[in-house]
Amino acid sequence: MVGWLGGAMGATYVRATIFIAEQLGAAVFTGITVTAAIDTSVVLDHFGWVGFAPHSADPWRILGSALMIGGLGLVCLR
Numbered sequence: 004m005v006g007w008l009g010g011a012m013g014a015t016y017v018r019a020t021i022f023i024a025e026q027l028g029a030a031v032f033t034g035i036t037v038t039a040a041i042d043t044s045v046v047l048d049h050f051g052w053v054g055f056a057p058h059s060a061d062p063w064r065i066l067g068s069a070l071m072i073g074g075l076g077l078v079c080l081r
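In our numbering, the protein residues as written are 4 to 81.
I should point out that these hints are in silico values taken from the structure, not numbers from a laboratory. Owing to the predicted nature of the structure, the values given are computational and were not obtained by experimental measurement. Backbone N, C-alpha and C define an ideal beta-carbon position, used for all residues, glycine too. It is possible that part of the hints are untrue.
Said to hold, decoys possible - The calculated label-pair distances, taken between Cβ atoms and stated as ranges, are: (1) Val31 - Ala60: 34 to 42 angstroms; (2) Cys79 - Gly51: 17 to 25 angstroms; (3) Phe22 - Pro62: 35 to 43 angstroms; (4) Phe32 - Ser59: 16 to 24 angstroms; (5) Thr43 - Leu77: 36 to 44 angstroms; (6) Thr20 - Pro62: 27 to 35 angstroms; (7) Pro62 - Trp7: 31 to 39 angstroms; (8) Ala11 - Phe55: 34 to 42 angstroms.
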């Protein structure tokens, strides 16, 4: 079941790359992708979802995620 979900998510990402990246620009699109991956990984680690060993979301991890979001905000400024 997880394999099918991963395949669907991969297909969605490829479609977004084709259709949305051109409108947003490379920096914004890549920033969104990387920030979403970092934030998602912190949540997955904290709760131990999808079979990962739990690693608590300590203040440093939360600060890192917040800085990623803040950096993305700066990249998005025009």
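Results of checking the hints against the structure:
Between Val31 and Ala60, the C-beta spacing of about 26 angstroms breaks the proposed range 34 to 42 angstroms. Look at Cys79 against Gly51: about 32 angstroms separates their beta carbons, and that is not inside 17 to 25 angstroms. Taken as a hint, the range 35 to 43 angstroms holds for the pair Phe22 and Pro62, whose Cβ atoms sit roughly 38 angstroms apart. Checked against the hint of 16 to 24 angstroms, the pair Phe32 and Ser59 fails, with Cβ atoms roughly 31 angstroms apart.
For the pair Thr43 and Leu77, the beta carbons lie near 21 angstroms from each other, so the given range of 36 to 44 angstroms is not met. Separated by about 34 angstroms at the C-beta atoms, Thr20 and Pro62 satisfy the suggested range of 27 to 35 angstroms. The supplied range of 31 to 39 angstroms is met by Pro62 and Trp7, whose beta-carbon atoms lie about 37 angstroms from each other. For the pair Ala11 and Phe55, the beta carbons lie near 20 angstroms from each other, so the given range of 34 to 42 angstroms is not met.
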